[in-house]
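Colleague: As you go down the protein sequences, you meet chains Z and A in turn. Numbered per the working numbering, the first sequence spans residues 1 to 114. Numbered per the working numbering, the second sequence spans residues 115 to 226.
Note that these hints are calculated values from the structure, not bench results. A couple of the hints might just be wrong.
[Claimed, not checked] The calculated lysine-lysine pairs, modelled on BS3-like cross-linking and capped at a C-alpha distance of 27 Å, are: (1) Z:Lys3 x A:Lys170; (2) Z:Lys71 x A:Lys156; (3) A:Lys181 x A:Lys170; (4) Z:Lys70 x Z:Lys55; (5) A:Lys181 x Z:Lys3; (6) Z:Lys18 x Z:Lys53; (7) A:Lys170 x A:Lys116; (8) Z:Lys71 x Z:Lys18; (9) Z:Lys18 x A:Lys156; (10) Z:Lys70 x Z:Lys18; (11) A:Lys156 x Z:Lys13; (12) Z:Lys55 x Z:Lys18; (13) Z:Lys55 x A:Lys170; (14) Z:Lys55 x Z:Lys71; (15) Z:Lys57 x A:Lys156; (16) Z:Lys70 x Z:Lys53; (17) A:Lys225 x Z:Lys57; (18) A:Lys156 x A:Lys170; (19) Z:Lys55 x Z:Lys3; (20) Z:Lys57 x Z:Lys70; (21) Z:Lys57 x Z:Lys3; (22) Z:Lys53 x Z:Lys71; (23) A:Lys225 x A:Lys156; (24) A:Lys225 x A:Lys181.
Keep in mind that this is a model prediction, so the values were computed, not measured.
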Amino acid sequence: DVKVTQSSRYLVKRTGEKVFLECVQDMDHENMFWYRQDPGLGLRLIYFSYDVKMKEKGDIPEGYSVSREKKERFSLILESASTNQTSMYLCASSFQGARFHEQYFGPGTRLTVT
Amino acid sequence: QKEVEQNSGPLSVPEGAIASLNCTYSDRGSQSFFWYRQYSGKSPELIMSIYSNGDKEDGRFTAQLNKASQYVSLLIRDSQPSDSATYLCAVRFYNQGGKLIFGQGTELSVKP
């Protein structure tokens with residue numbers, strides 16, 4: 001079974017704080033993704049990575065950065081949290097060698113910025 | 115512009131009926147198609163994937179793909195209240211590596 005875990009289910013932070021969201025997968029997947037999900041806006045891709053130390057911007061990278069120092073771990077960083085970053089954050093991973101690239105999601109982190 | 119479109123719903127069906135969920139996509143060269151189920155407050159869970167034209171069955175779920183018409187559908191037979199969730203369609207477009215484009219989701223409500 002694919003297992004993707006995220007560091008927190010719920011997180012409350014103050015405006016201006018630096019926030020780290022961590023994601024770990026145990027299936028040796030090369031590809032990892034960070035999304036945010038908001039009512040009416042669906043899933044939006046923030047950043048993704050196809051390899052260690054590699055990162056690519058998704059559709060909404062502004063205000064975020066990422067780090068991938070190890071294959072199994074992909075971190076999302078909010079450099080200075082703002083209230084408009086209150087959202088559900090979802091991490092996903094997939095196997096690069098797979099023909100079809102099914103993505104598997106972690107449980108999500110509901111972040112509230114006050 | 116790569117797009118995946120779904121009716122937002124809610125789609126309401128009685129228990130035991132067939133629920134039919136539809137999805138259209140913009141790129142004729144798309145290669146892989148997925149259905150995810152998402153319960154309220156939870157993360158998406160992969161329930162079906164389909165790659166070739168035609169039908170693919172898995173238990174009460176059937177995915178149907180028609181590449182010429184650029185649509186993919188999900189049928190849920192003998193719908194149960196536990197099937198009440200939002201169903202997300204996702205498409206891997208041609209030459210997009212491992213990226214998937216998700217639809218907005220269709221909310222399904224199965225009434226006892």
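Colleague: All hints are to be evaluated individually against the structure, with a verdict given for each.
Modeller: How the hints compare with the structure:
1. Distance hint between Lys3 (chain Z) and Lys170 (chain A) is fulfilled; the C-alpha atoms sit about 25 Å from each other, no more than 27 Å.
2. Of the supplied pair hints, the one linking Lys71 (chain Z) and Lys156 (chain A) holds, its CA atoms being roughly 25 Å apart against a limit of 27 Å.
3. The suggested pairing of Lys181 (chain A) with Lys170 (chain A) holds, with an alpha-carbon distance near 14 Å, which does not exceed 27 Å.
4. Restraint check for Lys70 (chain Z) and Lys55 (chain Z): the C-alpha separation of about 12 Å stays at or below 27 Å, so the hint holds.
5. For the given pair, Lys181 (chain A) sits about 32 Å from Lys3 (chain Z) by alpha-carbon distance, which is inconsistent with the 27 Å threshold.
6. Proximity of Lys18 (chain Z) to Lys53 (chain Z) is assessed by CA-CA distance (about 21 Å); at most 27 Å being required, the pair is judged to hold.
7. Using a Cα cut-off of 27 Å, the hinted pair Lys170 (chain A) and Lys116 (chain A) holds, with the two alpha carbons roughly 25 Å apart.
8. A hinted pair counts as satisfied when its Cα atoms are at most 27 Å apart, and Lys71 (chain Z) with Lys18 (chain Z) qualifies at roughly 23 Å.
9. The hinted pair formed by Lys18 (chain Z) and Lys156 (chain A) meets the criterion: a straight-line CA distance of about 25 Å does not exceed 27 Å.
10. With a C-alpha separation of about 21 Å, the suggested pairing of Lys70 (chain Z) with Lys18 (chain Z) holds against the 27 Å cut-off.
11. Taken as a hint, the Lys156 (chain A) and Lys13 (chain Z) pair is honoured in the structure, with Cα atoms around 21 Å apart against an allowance of 27 Å.
12. Among the hinted pairs, Lys55 (chain Z) with Lys18 (chain Z) is consistent with the structure: their alpha-carbon atoms are about 20 Å apart, no more than 27 Å.
13. Taking the CA atoms of Lys55 (chain Z) and Lys170 (chain A), the gap is near 35 Å; set against the 27 Å cutoff, the hint is violated.
14. Our distance criterion of 27 Å between C-alpha atoms is met by Lys55 (chain Z) and Lys71 (chain Z), whose separation comes to about 12 Å.
15. Annotation: proposed proximity of Lys57 (chain Z) to Lys156 (chain A) holds, straight-line Cα distance about 25 Å (limit 27 Å).
16. Restraint check for Lys70 (chain Z) and Lys53 (chain Z): satisfied, since their Cα atoms lie roughly 8 Å apart, inside the 27 Å limit.
17. Between Lys225 (chain A) and Lys57 (chain Z), the direct Cα distance comes to roughly 42 Å. Violation of the 27 Å bound is thereby established for this hinted pair.
18. Distance check on the hinted pair: Lys156 (chain A) and Lys170 (chain A) sit about 26 Å apart at the alpha-carbon level, within 27 Å; holds.
19. For the given pair, Lys55 (chain Z) sits about 22 Å from Lys3 (chain Z) by alpha-carbon distance, which is consistent with the 27 Å threshold.
20. The straight-line distance between the Cα atoms of Lys57 (chain Z) and Lys70 (chain Z) is roughly 19 Å, inside the 27 Å bound, and the hint therefore holds.
21. For the given pair, Lys57 (chain Z) sits about 24 Å from Lys3 (chain Z) by alpha-carbon distance, which is consistent with the 27 Å threshold.
22. Distance hint between Lys53 (chain Z) and Lys71 (chain Z) is fulfilled; the C-alpha atoms sit about 9 Å from each other, no more than 27 Å.
23. Restraint check: the Cα-Cα separation between Lys225 (chain A) and Lys156 (chain A) comes to about 21 Å, which is no more than 27 Å; the hinted pair holds.
24. Restraint check for Lys225 (chain A) and Lys181 (chain A): not satisfied, since their Cα atoms lie roughly 33 Å apart, outside the 27 Å limit.
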